[in-house]
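For the protein sequence lines, the chains are R and X, in the order given. So the first sequence is residues 0 to 93, counted in numbering that gives the first Met the number 0. So the second sequence is residues 0 to 395, counted in numbering that gives the first Met the number 0.
A couple of the hints might just be wrong.
Pairs of lysine-lysine, BS3-like flavour, derived with a Cα cap of 25 Å [what the hints assert, rightly or not]:
{"hint": "1", "chain 1": "X", "residue 1": "Lys162", "chain 2": "X", "residue 2": "Lys112"}
{"hint": "2", "chain 1": "X", "residue 1": "Lys102", "chain 2": "X", "residue 2": "Lys112"}
{"hint": "3", "chain 1": "X", "residue 1": "Lys95", "chain 2": "X", "residue 2": "Lys167"}
{"hint": "4", "chain 1": "X", "residue 1": "Lys95", "chain 2": "X", "residue 2": "Lys162"}
{"hint": "5", "chain 1": "R", "residue 1": "Lys66", "chain 2": "X", "residue 2": "Lys255"}
{"hint": "6", "chain 1": "X", "residue 1": "Lys255", "chain 2": "R", "residue 2": "Lys60"}
With the C-beta cut set under 8 Å, the calculated list includes, among others, these residues of chain X facing chain R [said to hold, decoys possible]:
{"hint": "7", "residue": "Gln50"}
{"hint": "8", "residue": "Pro54"}
{"hint": "9", "residue": "Ala91"}
{"hint": "10", "residue": "Val160"}
Pulled from the structure, derived: some chain X residues nowhere near chain R, Cβ distances all over 10 Å [said to hold, decoys possible]:
{"hint": "11", "residue": "Arg51"}
{"hint": "12", "residue": "Asp88"}
{"hint": "13", "residue": "Ala170"}
{"hint": "14", "residue": "Gly306"}
No lab work stands behind these hints: they were computed from the structure. Values in this document were obtained by computation on a predicted structure and should not be read as measured data. All C-beta atoms in this analysis are idealised placements derived from N, C-alpha and C, irrespective of residue type, glycine included.
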Amino acid sequence: MAVVTALVSIVLPGEFVAFPDIKGGPSAEVVNSNCLACHSGEMVTNQPRLSEAEWRAVVGKMRATYKAPIAESDDAAIVAWLTAMQQQRASSGG
Amino acid sequence: MIARRHLLAVAAAGVAVPAFAQKMVDLGFPGGPSARPLVTDYPGKGAMVLQRTTPPLLETPMRVFDGDVLTPNTSHYVRWHWGFPVEVDAAAFRLKVGGHVGKPLSLSLAELKKLPRFEIVAVNQCSGNSRGFFEPRVAGAQWGNGAMSNARWTGVRLRDVLKAAGVKPGAVQVRFSGLDAPAVEAAPDFAKSLAVDHALDGEVMIAWAMNGEDLPILNGFPLRLVVPGWFSTYWVKMLDSIEVLSAPDTGYWMAKAYLVPTAPGANVAPGTREFAREPINRMPPRSFVTSVADKAVVGWTPEMKVGGIAFGGDCGVQRVEVSGDGGASWRDARLGTDLGKYGFRRFDGVVPVARAGAVLMARCTNANGLAQGMVPNWNPGGYARNVVEPVRVRFS
């Protein structure tokens, strides 16, 4: 018996795009391994200037609420990259 | 077909720009970053402002709103919390209706389409539309003003579906969920609830078409909930599950997320964290000047045409006034065709403008007498902005 299907499908753009290392600053390895499984990088780079405490709260929310498997021992390095990324942007006039 | 290479261009500031970006637009956020790529690579979509590639957040460019009041499907904004199927078998699809009902249902699209047809024009607006303009800034999707679109929705009344299932006495809410799913299993699946009386009001509907065409996958094919007058967080996409509840929904997306101050205008003093909260609900009135872009340079004439779109939120538009001097003086604008109280309404007016430059404004008063304010609201979620927005124009 024929199986009737009515497939509707699309192809989404967007391959994995890694965060860059910060020149003279922290490596992006820790954000690349922790912060790109659920969302692409613009969610991070589009944020307004956030304080270290605000970034720490964001990382905590990703773990506690959205169950991102982020080791607490990675938090300091993640927040260091996030704040360095925003500092570099501010100093380059962006 | 040659596979397109999506190489990464990294700006000096560490902002990743996909190689499929055609050009950048500036959304003008206080303190930035405001530059976003304008992309045409999303299936079924024209040029869209790219907020996030995955899961997609695509904003409608403001100039689109200067066209037809029904936003073309190719420009209708896109917002997903989680990943979603990029392939749907419409023949195998079933909408399940269960919970506190007499007769649980599993409806094919063909069965659903046998119910009486219902149509309504309604604005679909993200709760966080315009969040990027909040001062002080708040974290979250940094939308400009384009996380909204207007469409004619076709489908069936939710009431008719719930009646077929037989809502049992004692039902208090109805919960809606779709085919999207979190990347991590333990994370909260997206689900939203409405009070049972609201669900049965005859306006809340299940739509399969917008502007006469099947919903695009990006906007929720094959079915989405349409909740006229309410923010889009309730307009669940790829709707496949309706559950009648006998106790209030205590899930994350109702109890913790999308909460606003109960204070009028969802407004608390900037920085306030402790206040009475409630789930976001009805939309307030808004209006946007679209006939000229913010920061445009145009030729001067003593009087200038000002046009745009307004919507009343949870009721119709009573009046739109326009100003050329930043709100010091106002004139009534002429209202365009009324396609229904929940939709966009075109307005056109003429204002005197000074040679030195103009700050154009529009102010909508809705049918309930609620007018847009001149002072922005603030809340930590960045929700429900509806202040009068300035469009600054210089003259050559």
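Hints and how they fare:
1. A distance of roughly 15 Å separates the Cα atoms of lysine 162(X) and lysine 112(X); the hinted pair therefore holds under the 25 Å criterion.
2. Distance restraint check for lysine 102(X) and lysine 112(X): the Cα-Cα separation of roughly 19 Å lies within the 25 Å cut-off, and the hinted pair is therefore satisfied.
3. A distance of roughly 16 Å separates the Cα atoms of lysine 95(X) and lysine 167(X); the hinted pair therefore holds under the 25 Å criterion.
4. Between lysine 95(X) and lysine 162(X) the CA atoms are separated by roughly 14 Å; this keeps the pair inside 25 Å, and the hint holds.
5. Under the criterion of a C-alpha separation no larger than 25 Å, the hint pairing lysine 66(R) with lysine 255(X) is consistent with the structure, at around 15 Å.
6. For the suggested pair lysine 255(X) and lysine 60(R), the alpha carbons sit about 12 Å apart, so the restraint of at most 25 Å is met.
7. Interface restraint check for glutamine 50(X): the shortest CB-CB distance to chain R comes to about 7 Å, inside 8 Å, so the restraint holds.
8. A distance limit of 8 Å between C-beta atoms decides the matter here; for proline 54(X) the minimum to chain R is near 7 Å, and the interface restraint holds.
9. Because the closest C-beta pair between alanine 91(X) and chain R is about 7 Å apart, less than 8 Å, the hint holds.
10. Hint on valine 160(X) is violated. Least Cβ distance to chain R is approximately 21 Å, over the 8 Å limit.
11. Listed as outside the interface, arginine 51(X) is inconsistent with that label: its C-beta sits roughly 5 Å from the nearest C-beta of chain R, within the 10 Å cut-off.
12. Once the 10 Å rule is applied to beta carbons, aspartate 88(X) is inconsistent with being away from chain R; the minimum gap is 5 Å.
13. Even its closest Cβ contact with chain R, about 29 Å, leaves alanine 170(X) beyond 10 Å, as expected for a residue assigned away from the interface.
14. With 10 Å as the threshold on Cβ separation, the claim that glycine 306(X) sits away from chain R holds: the shortest Cβ distance comes to roughly 30 Å.
Consistency note: the structure conflicts with the earlier hints numbered 10, 11, 12.
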